[in-house]
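Chemist: Residue numbers (the working numbering), protein chains in the order written: chain A, 1 to 84; chain B, 1 to 178.
There may be inaccurate statements among the hints.
Keeping only pairs whose Cα atoms sit at most 25 Å apart, straight-line, the calculated SDA-like set for lysine to any residue is [to be verified]:
1) A:K25 <-> B:S147
2) A:K25 <-> B:W75
3) A:K25 <-> B:K169
4) A:K25 <-> B:T6
5) A:K25 <-> B:E27
6) B:K169 <-> B:S147
7) B:K169 <-> B:A156
8) A:K25 <-> B:Q39
9) A:K25 <-> B:D50
10) A:K25 <-> A:A52
11) B:K169 <-> B:E27
12) A:K25 <-> A:D5
These aren't lab readings, by the way, just hints derived from the structure by calculation.
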Amino acid sequence: MTGYDEERIAALLRLLPAPPESWVKAAQELPWARAEIGEIVARSESDAAFRAALVADLEAALAAEGYEATPSVVAALRLRLGSG
Amino acid sequence: MDAVTTDAQLVSRCRAGEAQAWNELVERFSRYVYAIAVQAFRLPPHDAEDVFQDVFARVYEHLERLRNDEAIRPWIGQLTRRLCIDRLRAGGREGPVDPEDIELGEYDETLSRLDEAMAVRAGLDAVGVDCREILDRFFSRDESYRSIGEALHLPAGTIASRISRCLSKLRAELEGRS
Numbered sequence: 001m002t003g004y005d006e007e008r009i010a011a012l013l014r015l016l017p018a019p020p021e022s023w024v025k026a027a028q029e030l031p032w033a034r035a036e037i038g039e040i041v042a043r044s045e046s047d048a049a050f051r052a053a054l055v056a057d058l059e060a061a062l063a064a065e066g067y068e069a070t071p072s073v074v075a076a077l078r079l080r081l082g083s084g
Numbered sequence: 001m002d003a004v005t006t007d008a009q010l011v012s013r014c015r016a017g018e019a020q021a022w023n024e025l026v027e028r029f030s031r032y033v034y035a036i037a038v039q040a041f042r043l044p045p046h047d048a049e050d051v052f053q054d055v056f057a058r059v060y061e062h063l064e065r066l067r068n069d070e071a072i073r074p075w076i077g078q079l080t081r082r083l084c085i086d087r088l089r090a091g092g093r094e095g096p097v098d099p100e101d102i103e104l105g106e107y108d109e110t111l112s113r114l115d116e117a118m119a120v121r122a123g124l125d126a127v128g129v130d131c132r133e134i135l136d137r138f139f140s141r142d143e144s145y146r147s148i149g150e151a152l153h154l155p156a157g158t159i160a161s162r163i164s165r166c167l168s169k170l171r172a173e174l175e176g177r178s
């Protein structure tokens, strides 16, 4: 890494603003949501109607069953259910 | 200079199930993923958030598959790039960027600049908490001298000189790595 004057360093630092805090927090909570995600996936494997509802509208199906559809849970479920 | 956890060490700690390590990993790469989605691909906030969460969900799910722990940054970069392109294509022509107009060379150039920015940011971890905080607040969070002074309990009149000193320190750190 060569040729870094202060101006260039400052410009590069400006390229990386922080994302909204809530996004970071949701992603950090992913491991804690894992048990719930596992439970939903297991249920989707044994309950065809539930799986169909999840595939049709994931967020609505989760809300209807009383699960909290946080962005990280939704993203992880899309991945696990193969709809992402 | 502070001891810095390398990317490989962080990945290794995540694999060992250390909860704090996952928090650090998200913290370390969150700006990178965000910048790719918002600056390189100009995704609107809702799409950018979906991509952001999807990236970290995939990283969490597939961390075991990463063959070279040092390569986590390029892996995350490529993953984010791919998910952004998928999102643009799925959105058709309604988004800010027409998927037909996607010139990957242009995006790759932005990615390359963001990689460079990440390298500079990694240098921040080595210049001490005080300097990292002040440089981050001024350059990345765009805070005024006054806000920084209030937050860090420093006289506002000393902030400019502190920034200058910290930039010199960071420059020396970066040149030491070359």
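Chemist: Next, verify each hint and record whether it holds.
Modeler: For each hint, the structure was consulted:
no. : hint              : verdict
1   : A:K25 <-> B:S147  : holds (24 Å)
2   : A:K25 <-> B:W75   : holds (22 Å)
3   : A:K25 <-> B:K169  : violated (31 Å)
4   : A:K25 <-> B:T6    : holds (22 Å)
5   : A:K25 <-> B:E27   : holds (9 Å)
6   : B:K169 <-> B:S147 : holds (23 Å)
7   : B:K169 <-> B:A156 : holds (20 Å)
8   : A:K25 <-> B:Q39   : holds (21 Å)
9   : A:K25 <-> B:D50   : holds (14 Å)
10  : A:K25 <-> A:A52   : violated (30 Å)
11  : B:K169 <-> B:E27  : holds (23 Å)
12  : A:K25 <-> A:D5    : violated (34 Å)
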